[in-house]
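Sequences listed follow chains A and B, in order. Sequential numbering from 65 applies to the first sequence in the numbering used here. Sequential numbering from 65 applies to the second sequence in the numbering used here.
Just so you know, the hints here were simulated from the structure itself, not pulled from any lab data. Values in this document were obtained by computation on a predicted structure and should not be read as measured data. Just to be clear, a hint being listed does not mean it is correct.
[Said to hold, decoys possible] List time: in silico DSS-like cross-link candidates among lysine-lysine, alpha-carbon distance up to 27 Å:
(1) B:Lys380 with A:Lys248
(2) B:Lys312 with B:Lys297
(3) A:Lys248 with B:Lys66
(4) B:Lys335 with A:Lys248
(5) B:Lys315 with B:Lys335
(6) B:Lys248 with A:Lys315
For reference, the chains in residue letters:
Number of protein chains: 2
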Amino acid sequence: MKVPPDLLSFLKEEDNFIIATHIDPEPDAIGSSIALSIALERLGKKTVLYDRDNIPEIYRFLPGCEKFTNSISSLNTSHLPVILLDCNTLERAGIKNSSFRLTAVVDHHETEQTYGDIKWIEPEAAATGIMVFYLLKDLGIKITEDIALNLYSAIAIDTGTFRYSNTTSEVFRISAELVEAGAKPAYVAHSLYETWSEHRFALLIMALNTLDIKDSLAITFVTKQMFKQTGTKPEDTENFANLPRVMKNIKIAAFFRELNDNHWKVSLRSKGDINVASIAKGFNGGGHKNAAGFEIKASLESGKEALLKAVSPVFKSP
Amino acid sequence: MKVPPDLLSFLKEEDNFIIATHIDPEPDAIGSSIALSIALERLGKKTVLYDRDNIPEIYRFLPGCEKFTNSISSLNTSHLPVILLDCNTLERAGIKNSSFRLTAVVDHHETEQTYGDIKWIEPEAAATGIMVFYLLKDLGIKITEDIALNLYSAIAIDTGTFRYSNTTSEVFRISAELVEAGAKPAYVAHSLYETWSEHRFALLIMALNTLDIKDSLAITFVTKQMFKQTGTKPEDTENFANLPRVMKNIKIAAFFRELNDNHWKVSLRSKGDINVASIAKGFNGGGHKNAAGFEIKASLESGKEALLKAVSPVFKSP
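Using the sequences and the hints given, assemble the complete structure.
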């Protein structure tokens, strides 16, 4: 992986930067941005870290996250350069009414977009954090403990803590270096995965008790009543859809969350080559191949039946 | 980490070995043993791989696991040397009525035992697989794909796939090398975590429904009756102990498995600096700092009370 020379020149020559990342930020977006910001400031430059949305509570263990602002409207941005990190359009960064003198894009998401004056897109990189790691090396920046923790967390989240197929030997070698620089794997794993409330865990158990297996489809659900009973919120169901995937014979896991009477949000998670985005589209929803969703106005039973009907051809195809 | 010269001499000089590992084998025991066996056979030696218990179905993806035998009674072992891997007593290997000419011990479990003619004990090693990796290097053995897959799985299981505090930079560097030699992280993660039977998942839900939180201790259990009801086996409870750890306020998760009336196997999992090995020792058990276990002959209620009493001082210490 080679950092483009024009990107390096740009970072060395400019003095002020806006670093913007995508809406609904997660640790690759947050950690990569903070690490780059620390590095540029070490070189005597000024940076503004921008995200349209607030940093979620669970990711506030990332040192430097308090530097994010969600307002750049007061800045005269038109004479400033912007660096888009972990995204490749202003739209994905939630930026609508600002213009910039120059735009640089550093991202690992595949794209057909041609946006950006200076572009570095590496779809093979497991995380944008990996790209920023190489950037910092080329800029001659020492990896401090804060930088290491941010970049390690970026890599951890985007590789499913070293479980996804993007976990290469390069990912492990860089992680080794980040641990030597002060990143603590157990602390990061704890911060990412072990900060559930007891209420949230109680809700999970309730959801699991609703498990209904039909063919290779596993369905679980939570009702408004369950939220009330456990004192939890919809965001507490994050990742609930994934758990039934541990079963060997389950190809799709569906999670129904009650929005209103006879109105459900359905999250679909699939394994391998099974495309749930196309199933979700059939219900006017959308998403990615292995993670998609839709809303349905129906009783729980009718909703389940409609879904089973929609997924059956997928199970039958070779 | 340095391989003792007398261990290397012993491995080079002998021609026949029995490699024995602990009862209830998991991937560190299995993978380390297979890797060492392949290496010694590459040097023209003969090995017998012994485990008292059968290799659990879920770990049979490890290449070479079919070479394990659970009978050495027909062998005239008294003129043979034995290598104890990932354990440090014959008792822990379930060997009762056999004697050996010489005993070598290669283990990362902390021990006060002085058993073994040749000993290499490294409590700082994240897995016995790490020790075997260094052994193979010193023996000049090329890491093949089969060896890499076995050693990577050994490391993956004993570090909680890179989530426990034993995940050092060394662990990442060795994993990088094993991936380069052919280990596939996503395949291992899938094999370890996504091959559950529906029966096993049903048992998990039953276990979660027994959740009892006392202070910072979370207790779950399964009974013989639950195994019967779901058509599952003790090995199906692997990792059940871990799940309640996702709760922020839980410092220790304990999982009680009924062996017989008023007789339980208790698995303990802790976070961070909380040492459950010392708690297990108090019940004549053992293990590592964050994963240990013991047996107790008591009713479930008495067992829970005894445990709560034992862990209370740990919760109170700063």
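Would you pick out the hints that fail for this structure and give their numbers low to high?
-> 2
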